[in-house]
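S.K.: Work the whole structure out from these sequences, hints included.
Just so you know, the sequences run in chain order A and B. Using the numbering used here, read the first sequence as starting at 543 and increasing by one per residue. Using the numbering used here, read the second sequence as starting at 646 and increasing by one per residue.
Check before you lean on any hint, since a few could be wrong.
[As the list claims (entries may be wrong)] Subject to a maximum C-alpha distance of 25 Å in a straight line, what follows is the list of computed PhoX-like cross-link-like pairs (lysine-lysine):
#1 K761(B) to K792(B)
#2 K676(A) to K761(B)
#3 K761(B) to K692(A)
#4 K653(A) to K884(B)
#5 K653(A) to K761(B)
#6 K844(B) to K676(A)
#7 K824(B) to K664(A)
No wet-lab data here; the hints were simulated from the structure. All of these numbers come straight from a predicted model, not from anything done at the bench.
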Amino acid sequence: MEPKIIKVSAIKNGTVIDHIPAGGAMAIVNFLKLAKDKTVMLGINFDSKKMGKKDVIKAEDKELTAAELNQVALFAADASVSIIRNFKIAKKFKIELPQTFLDIVKCPNPKCVTNQESVKTKFNLFKPKPLSIKCQYCERIFSREEIALK
Amino acid sequence: MNFLNRDIISISDFTKEEILHVLKHAKNFKQKPNQKILDGKIMASLFFEPSTRTKLSFDTAMKRLGGAVIGFADAGMTSTAKGETLQDSIEVIEKYADVIVIRHPIEGAARLAAEKTDKPILNGGDGANQHPTQTMLDLFTIQETQKKLEGLNIAMMGDLKYGRTVHSLAQALAHFKAKLYFISPDSLKMPEHIKNELKDKKIKFSEYKKISDIITKIDILYDTRIQKERFPDLYEYEKVKNLYILKLSDLKNAKKNLRVLHPLPRVNEIEYAIDQTPYAYYFQQAANGLYVRQALLSLVLGAIK
Numbered sequence: 543m544e545p546k547i548i549k550v551s552a553i554k555n556g557t558v559i560d561h562i563p564a565g566g567a568m569a570i571v572n573f574l575k576l577a578k579d580k581t582v583m584l585g586i587n588f589d590s591k592k593m594g595k596k597d598v599i600k601a602e603d604k605e606l607t608a609a610e611l612n613q614v615a616l617f618a619a620d621a622s623v624s625i626i627r628n629f630k631i632a633k634k635f636k637i638e639l640p641q642t643f644l645d646i647v648k649c650p651n652p653k654c655v656t657n658q659e660s661v662k663t664k665f666n667l668f669k670p671k672p673l674s675i676k677c678q679y680c681e682r683i684f685s686r687e688e689i690a691l692k
Numbered sequence: 646m647n648f649l650n651r652d653i654i655s656i657s658d659f660t661k662e663e664i665l666h667v668l669k670h671a672k673n674f675k676q677k678p679n680q681k682i683l684d685g686k687i688m689a690s691l692f693f694e695p696s697t698r699t700k701l702s703f704d705t706a707m708k709r710l711g712g713a714v715i716g717f718a719d720a721g722m723t724s725t726a727k728g729e730t731l732q733d734s735i736e737v738i739e740k741y742a743d744v745i746v747i748r749h750p751i752e753g754a755a756r757l758a759a760e761k762t763d764k765p766i767l768n769g770g771d772g773a774n775q776h777p778t779q780t781m782l783d784l785f786t787i788q789e790t791q792k793k794l795e796g797l798n799i800a801m802m803g804d805l806k807y808g809r810t811v812h813s814l815a816q817a818l819a820h821f822k823a824k825l826y827f828i829s830p831d832s833l834k835m836p837e838h839i840k841n842e843l844k845d846k847k848i849k850f851s852e853y854k855k856i857s858d859i860i861t862k863i864d865i866l867y868d869t870r871i872q873k874e875r876f877p878d879l880y881e882y883e884k885v886k887n888l889y890i891l892k893l894s895d896l897k898n899a900k901k902n903l904r905v906l907h908p909l910p911r912v913n914e915i916e917y918a919i920d921q922t923p924y925a926y927y928f929q930q931a932a933n934g935l936y937v938r939q940a941l942l943s944l945v946l947g948a949i950k
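M.R.: Here it is, written out as C-alpha cells:
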C-alpha cells in the first residue's frame, strides 16, 4: 500500500485558511503579520479539485477573527477558514467580502493623492463578481488583477 | 435636502433631486446676481493649477454676494514650494476662511481636503477626476437651451480619456436618461471605468470616430480640447492634437436646436466662424458658471436652503 503523504502537518490549535488562489499565501501571511511571533506552515501550489491549484496557510496558536480575515477577501474571496482546537475543527466559516477596504491595498493610479501624500487608502466594493473596487479618493475602478496588498 | 456645510467634491455624491435644486437656485441668481447675502463671509480660493473661468467666476460669485476672497492662483508663490503638504495647508487655511474652493492636479485632492476640515470644500477640479461645479453649469446650460434635461441626445467629442468635464457630465446625465454619443480618436476614448458605470445604470452610449456619423441626431455637442498637460507622452499628444477640429461645414445638417458647448479654453478645436452662428453657446455657458457657483456658495454657507 502506498504510504499516505502528508504535505502539511496538522496543527493542535490555530487557524487553517484553505482554498487560497495559488501563489497568494505569502502576501496574506505578510499582510496579517501571521509569522511575527507564531509558527506558520504554508502549502504552495497544492492540487485542488475545486481550483486546479491552491495555497494553504496553517497558523499555529492563533485564532483569527472573521473581521481580520475579511480584510484579505480581495485576494482569497473563496477561501474557507477553520478554527482548530485540540486537533479538532471547532468552527468553520467562509471569508466574506466587506463593503469597504481601509488601508489594505495600494491604489494603482500614480496620480491618486494616496500615492502623493501620507494618506491611508480607502476603497469601496464596486462589484463582487467579477470583483472590482473603487478608490474613494481618485474614484477609479480597478479589477482584482490590477491591485496589490499594501 | 440639506446643503449646509456640505462638501461639493464629486457629481456622483449628488442625487437627481439635489442637482435640480441647485439648478433652480442658479436660475434665480441669473435673474438677480447682486444680493448681499454672504456679507462677512470669506472664501479661500486655492488654485494649484491654472484657471481662468473657474477661479474668476468663483471669486466674482463670492464678491457679488457681498463676501470676500483670499487665496492664490499659483502654488509656486506659497509654502507648497517649500514642500508643505496639502493636508497641512488645509489645516491652516480652514482657520482663516468660511468656505474653501480648491483646484489641484492630483486626483482625490479635494476629497482629502474635505477630510481635514469641517468647513465646506468645493472642488474646482482635481486632476483628470472630477469638476462637479462645471458639470452643474453644463447641466444648467443644457436645460436652458433645450428647455428640459430628460431624454436628450448628447454627443461628447475630443479628449474623452483625460477630460474630467466629460467624465463628470456623463455620470450626471445618467440621472436624466440621456443617450450618449462619444466621438474621439482611439487613443482618447472614454475610459472603461466610466463606460462600466454607464452600463451599470443602463445608459445607452455608442462610440464614433467622426461627427458626421451622428450630427443629424444630436441636441447637444459637447466639444473638448485635446489637453496637452494631461498626456504622459508628448509624442502621443502630437499625433492627435489636430484630429478633431469642428468646422462650420460639419454643422450643415444639424438640428435647429443643436447647441455646441465647450468648457473652454478653446485652442483650435472649434472654428471661429461657428461663434457667429446660433449653434455656438460656449460663452453663454461660461457665464452660467457664475450663477451656479453663487447657488452652491449660498447653499453650503446656509444663506439659502
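S.K.: Could you run down the list of hints and mark each one as holding or not?
M.R.: Here's how the hints hold up against the structure:
no.: 1; hint: K761(B) to K792(B); in the structure: violated (40 Å)
no.: 2; hint: K676(A) to K761(B); in the structure: holds (21 Å)
no.: 3; hint: K761(B) to K692(A); in the structure: holds (23 Å)
no.: 4; hint: K653(A) to K884(B); in the structure: holds (24 Å)
no.: 5; hint: K653(A) to K761(B); in the structure: holds (20 Å)
no.: 6; hint: K844(B) to K676(A); in the structure: holds (16 Å)
no.: 7; hint: K824(B) to K664(A); in the structure: violated (32 Å)
Violation of the numbered hints given earlier is confined to hints 1 and 7; the remaining hints are satisfied by the structure.
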